[in-house]
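Engineer: Chains as they are written, first to last, in my numbering: chain A, 1 to 338; chain B, 1001 to 1337; chain C, 2001 to 2301; chain D, 3001 to 3319.
Hints in this document: simulated from the structure, not taken from any laboratory. For glycine and all other residues, C-beta sits at the position ideal for the given N, C-alpha and C. Hints may contain errors.
Within a straight-line C-alpha distance of at most 27 Å, the following computed DSS-like cross-link-like pairs (lysine-lysine) qualify [unchecked claim]:
#1 Lys1090/B - Lys2023/C
#2 Lys1091/B - Lys2183/C
#3 Lys143/A - Lys3018/D
#4 Lys2124/C - Lys1123/B
#5 Lys3140/D - Lys1273/B
#6 Lys2023/C - Lys139/A
#7 Lys2198/C - Lys1123/B
#8 Lys2198/C - Lys1179/B
#9 Lys1270/B - Lys3075/D
#10 Lys2066/C - Lys1177/B
#11 Lys3018/D - Lys139/A
#12 Lys2198/C - Lys1087/B
#13 Lys3253/D - Lys139/A
#14 Lys1249/B - Lys2023/C
#15 Lys1245/B - Lys3264/D
#16 Lys2023/C - Lys1088/B
#17 Lys246/A - Lys3253/D
#18 Lys1030/B - Lys2023/C
#19 Lys3018/D - Lys2023/C
#20 Lys2023/C - Lys3068/D
#21 Lys245/A - Lys3253/D
#22 Lys1088/B - Lys2198/C
#23 Lys2023/C - Lys1124/B
#24 Lys3264/D - Lys245/A
#25 Lys2198/C - Lys1090/B
#26 Lys2023/C - Lys1087/B
#27 Lys3264/D - Lys1321/B
#28 Lys1249/B - Lys3264/D
Rough simulated footprint, nothing fancy, chain B against chain C, three-plus residues with beta-carbon under 8 Å [unchecked claim]:
#29 2192-2204
#30 2229-2235
Chain C is nowhere near these chain A residues, computed Cβ spacing over 10 Å in every case [what the hints assert, rightly or not]:
#31 Arg50
#32 Ile62
#33 Ile80
#34 Val86
#35 Glu89
#36 Thr142
#37 Phe178
#38 Leu255
#39 Leu293
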Amino acid sequence: MEKAQLLRYIAKRALIYVITMLVAFSVLFFFLRLIPGDPVSRFVRDIEVRYSYRIENTQEIIDAYKERFGLNGDLLTQYISYMRRVFLEFDFGPSFLNFPTPAQNLIWRRLPWSIGFLGVATLMAWVIGIAAGTLVGWKRGTKLDSALFSLALCMSQIPYYLVALLLVLVFAYVLGTFPPRWAFSPTVTPGLNLEFIASVLKHATLPALSLILVQVPSWVISTRALTISILGEDYLLYAQAKGVKKVRLLNRYVLRNILLPQLTGLAMSLGFVMNGFFLIEWIFSYPGIGTLLVQAIPVLDYNTIQGIALISIFTVLSANLIIDVLYPLVDPRIRTGG
Amino acid sequence: METPLLELRNITKDFAIGGGLGLGEKKSIKAVDDVSLTVSREKPTILALVGESGSGKTTIARITLGLLGPTSGEILYEGRDVRNWIKKDKKTYRRNVQVIFQDPYSIYNPFYRVDRVLFKAVKKFGLASSSKEARDMVIESMRAMGLRPEDLLGRYPHQLSGGERQRLMLVRILLIKPKLVIADEPVSMIDVSLRSIFLNNLQDLRSRLEMSTIYITHDLNIAHYISDEMMVLCYGRMVETGETKSVVKDPLHPYTQGLVNAIPTPNPRKRWKDTIEIEEVTFKELLAQRQRCIYSHRCPHVMPICKEKIPPLMEVKSGRKTACFLYAEVLETAKLE
Amino acid sequence: MSQTFKKGTFLSRLRSEFLTVLKSSPVFRVGFVLLIIVFFLAIFEPAINDFRLDGHPSTKFGVYEKLLPFSAEHPFGTDHFGRDTLAIQITGLKFSLMIGLTAGGMATLIAVFMAVVAGFVGGKVDAILNAMTNAVLVIPTLPILIAMAAYMRMNLWLISLTLAIFSWPWAARTIRAQILSLKEMGYVELAEMTGLNKFEIMFTEILPNLIPFIGVGFSMATIGAILAETGLRVIGLGPAELPSLGMLLNWAMTFGVMAQGYHILVIGPAAFLVLIFISFNLVNTGVEEIFNPRLKKITGI
Amino acid sequence: MRIVEPILTVEDLRVYYKSIYGDVKSVDGVSFSVNPQEVFGIAGESGCGKSTLVEGVLRVIVPPGYIKSGKILFKNTDLLSLNDEELRRLRWGDLSYIPQGSMNSLNPVLRVEEQMIDAITSHNDTPKEEAREMAIARLKEVGLPVEVARMYPHELSGGMKQRVIIGTAILLKPSLVVADEPVTALDVVVQRGVLQSIANLRDNYGITVIFVAHDLAAHAEIVDRLVIMYAGEIAEIGSVYDVFEDPLHPYSKLLVAAIPSLEKDVVEGIPGLPPSPLNWPTGCRFHPRCPHVMPICSEEDPPLEEMKQGRHVACHLFR
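Please work from the sequences and hints to get the whole structure.
Structural biologist: This is the structure we're talking about:
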């Protein structure tokens, strides 16, 4: 398939994703604005309480803040000005949490933590899950298969935030082997020294584990079902009849045909993961965008919530795009325009 | 010549085959290319559409049934365009033109008993005034087709064999009493021993209901056994038409000749003597330059002209037409005399 | 053995179908038993608690001593508010299930409607509806749910509706895919040939074969809803008068139960939640295992 | 017919399927032997057990199917006694297989040559390059252009895929090839080409072929000896001339008469319905449909008896 076709295909997919992002982002915008509760007056009152002095002309100040946050005028004008500011000037606007700093700065500072632990956990879970699933599928019908299958079936049911709770309970409080919260111990100076990195890894194990412990079993189940169906395919029976050795059979016949559907599976599962990792970060008070979100909500900090939501939508869609691009390279049927 | 029962005029149907997932520019393949045929109104006939897979015979069937629209050309049932029939009074058209599908295993809704197919037809076409009368009609039609109602009615589809299911379709046709039936390879999925019972019943319906049939098959044996007239299709184009017995006995077009002597004869004494060379045609060749005889890449008697022009369908003998330049001189000399 | 035209009722066929499913799939059997336990506890919760707490409502504070150890009378001991832990956890199960099922029901209704319109009308409408489904799938629903729960007066119907708004796409996708494949079946074309109009085809030919998949869609939506609802409750949001398992977890968290060693207050609700999820999922896997080429299982006829 | 040492002998083979309704007896006590360098045809309608039989012989039966009992002597080693590794080495080295689902027997994500090379390199350590030479040579022999080697399965037509499978089957010059319904899904012209390629295996390479098909006319074209199967048992065995010109078993007679052909004007079918393997009829399994049925037929199942050299029939009329 010539270069031109591939590029046109990628452009088409990218366009679909941009539109989906805009639609999702706008739906989010209106939903948030429709929620009753006036964040600005609440914000002004907070200032009074925090710095404990009475503000006389509260109404003017509220209007000034509304102006600053772009919250005056009817919903539509707000929407247009907001979209222009976000997508043209890449500025999400000020945040309520700590006022003058724009929302995106808050997010950029915390994003690496989330991406780090989330990305690593999801990919590790995918790789382990596929390998284990293929083996369990290969050994289908044996005792090992039914044991692992029922275990995986149960494990995949437990919600990840429950796993997080139980992990904290067991490893942090009872055994005390892992720290229950934060990203690194306060006694360590952040920098590229070994000690800091070790502390970061130690702190990240429990949050990552709570994701992995739930995702690996669900990948095992879906891969096992896929392996069993592939093992029933004619080309597998024929390959076995040809006397192809087990190892070669596994990786050139079974695994190659598993990767394709599981790649799309990975893209789809990201949507689900994005929905859930906020809670894990909150339970471990891990300094990622999840905790930031949980703090932003009670204050109804529109800009920060929208910012974090946009990041998560963007990550899911770009993952889908990457997999769409990978697909033709992996699947000859599409590559040769069959 | 008054209006025929069914007339297809220069039907063409293109299918776009871009690459997977919208890749590749829009190439299109002509599944049906300029096909015309007529089914006469007075004498009920069985016309066989014969061709290998990919010859467009099923596409023609679906166009006639109104399930698919042609890219160009017209389909006239009793002089009126089928699409107009379906828009204006679909019920009469469905009443007059019926179908027997190929796969007996997918035409019964697994959720219901098989009786539903028959009683639904009676109800929708208002063939009986009361449910009692409907039941009697169904039982009587089943007996007429040599089926025992006590064994079949009340059963679920998975409890019936392929043969029984297809014969129930014939009972449905007997109930509806259409003027024309399109049978799309109805026996290809049932065993040889049950086929002839189905084929004999279908022929019996022709006389009993004054009903014409367009019988679609890739099996020349069956076409020879059941049909009066035959049209041979190759990659969407008409290559030969004529009265079945004479086409099979003395095939004119090289493609038909290839088909006839490729049939294995059930007699070990009369085995194939020569071995035939078959070049497979790939998609690319099919799409390549269209202005040529569709069989030219495989034809043993190919001539230069075959690769430049499309041979028109010419009447070479009485009632025998073929689209092949081999017979061009014959026609020239005939015209001269 | 010819049956004369016995009009076997549709129910008798469903029963026999159910029995074959029960007999042939162990996964379904286990799941079904667990499901019965869960529903038994949920439905008879008032009776169980009245009997065990001789009349006191399980949610009433201060009925017993605080934080009593496990005993015959209180198998799971009591919690910070002096309530019998086991009783309040069964009540929690009831409310979690109630919210889950209502939200699951609403989500399935929306999903069936969207899938039927998209799959059935097809063309432009299908493309738009499908894009919408994918868009909702991509929006991080939890933040909005949390925000809504934080600010709106929530009762059973409102919280179920909010949960349903964000969990219908999962069910819609499976049902739509099924409709598209059923539309190609031979009996749909035969129905067209018998003059049935679009609606008759949709509701009498396609819908009956959709039932197993609507069932699977419903249980997926219910699980999704309970997951989201518990997530909300763990951070302390949602209607207090409906103390679901999530709320119990939140109470346990806020009282730092873990540090003090009363682990049952966390493990109990977690176990009940997992019981709900496993029962639904096993039944789901069993049904899906059965409704793909079932005939292949019997022989190669 | 000179007495010759058969290459394959099957004794009382039973292959059943486990199902929730109990055991399905697809192949229920079948015995026959195949002589070297002949095309041995197995015919019968769908559900008679012919494909299950050859899958049993090759031990490629997939659960829920299993081999209940019987002996399979291939060059007098019993295939049922071999362990997996021995079986794996034997397959393709000396005994190869053209599966029923040839249309999708090629791995969609590998090129044709890669899959052929896999077959070679798993049996001996020929270097990759040499294996590719062998593969391309075989493709030419079955009438395929060289470019096919680099193509992916989805780029090939049905006939081409079938011939790639035949080419793969004879890669290591086996002495016995089992072809299970190789022509069913093909168009008539391509079918003739494939039938000829199968006949060439015997004529040009001296390979013995077991050819399974339900179309009797295809058997007539290329087969030396023919078996007619019905309801999991053998009804009749004989040379192709005997079975076509002088069929003994009533079912064979009706089957031969039911073949539509250009010479015949009237073709009658076989009344009644093919029996279901879930519960075979008692006694002779053809008795409910047999025009010469006798009282004994419904009680006792007639064993397969040898009338004369190489001619067997299982019917009470001949006892």
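Engineer: A separate judgement is required for each hint: does it hold in the structure or not?
Structural biologist: Each hint, compared with the structure:
1. Lys1090/B - Lys2023/C: With a Cα-Cα distance of about 47 Å, the restraint between Lys1090/B and Lys2023/C is violated, given a limit of 27 Å.
2. Lys1091/B - Lys2183/C: holds (21 Å)
3. Lys143/A - Lys3018/D: holds (19 Å)
4. Lys2124/C - Lys1123/B: violated (34 Å)
5. Lys3140/D - Lys1273/B: Distance of about 22 Å is within 27 Å: holds.
6. Lys2023/C - Lys139/A: Distance ~24 Å between Lys2023/C and Lys139/A Cα, so the pair holds.
7. Lys2198/C - Lys1123/B: holds (17 Å)
8. Lys2198/C - Lys1179/B: It holds: about 25 Å lies between the C-alpha atoms, which stays within 27 Å.
9. Lys1270/B - Lys3075/D: Outside the cut-off at roughly 34 Å; violated.
10. Lys2066/C - Lys1177/B: violated (84 Å)
11. Lys3018/D - Lys139/A: holds (20 Å)
12. Lys2198/C - Lys1087/B: Holds, at roughly 14 Å.
13. Lys3253/D - Lys139/A: violated (48 Å)
14. Lys1249/B - Lys2023/C: Violated, because 59 Å separates the two Cα atoms, which is more than 27 Å.
15. Lys1245/B - Lys3264/D: Measuring from Cα to Cα gives roughly 12 Å; hence the hint holds.
16. Lys2023/C - Lys1088/B: Not satisfied, since the Cα-Cα distance of roughly 52 Å exceeds 27 Å.
17. Lys246/A - Lys3253/D: violated (47 Å)
18. Lys1030/B - Lys2023/C: Status violated; Cα separation ~52 Å.
19. Lys3018/D - Lys2023/C: holds (14 Å)
20. Lys2023/C - Lys3068/D: Holds, at about 24 Å.
21. Lys245/A - Lys3253/D: violated (46 Å)
22. Lys1088/B - Lys2198/C: holds (16 Å)
23. Lys2023/C - Lys1124/B: violated (40 Å)
24. Lys3264/D - Lys245/A: Not OK: Lys3264/D and Lys245/A at ~52 Å, beyond 27 Å, violated.
25. Lys2198/C - Lys1090/B: holds (13 Å)
26. Lys2023/C - Lys1087/B: violated (50 Å)
27. Lys3264/D - Lys1321/B: holds (25 Å)
28. Lys1249/B - Lys3264/D: holds (13 Å)
29. 2192-2204: With 5 residues close enough to chain B, the hint holds.
30. 2229-2235: violated (count 0)
31. Arg50: Answer for Arg50/A: holds, closest chain C Cβ roughly 20 Å.
32. Ile62: Fine: 18 Å to the nearest Cβ keeps Ile62/A off the interface.
33. Ile80: holds (20 Å)
34. Val86: holds (16 Å)
35. Glu89: holds (23 Å)
36. Thr142: Its Cβ never comes within 10 Å of chain C, the nearest being 15 Å, so this holds.
37. Phe178: Non-interface label on Phe178/A holds, nearest chain C Cβ at 14 Å vs cutoff 10 Å.
38. Leu255: Its Cβ never comes within 10 Å of chain C, the nearest being 23 Å, so this holds.
39. Leu293: violated (6 Å)
Going down the numbered hints, you'll see the structure goes against 1, 4, 9, 10, 13, 14, 16, 17, 18, 21, 23, 24, 26, 30 and 39, while the others check out.
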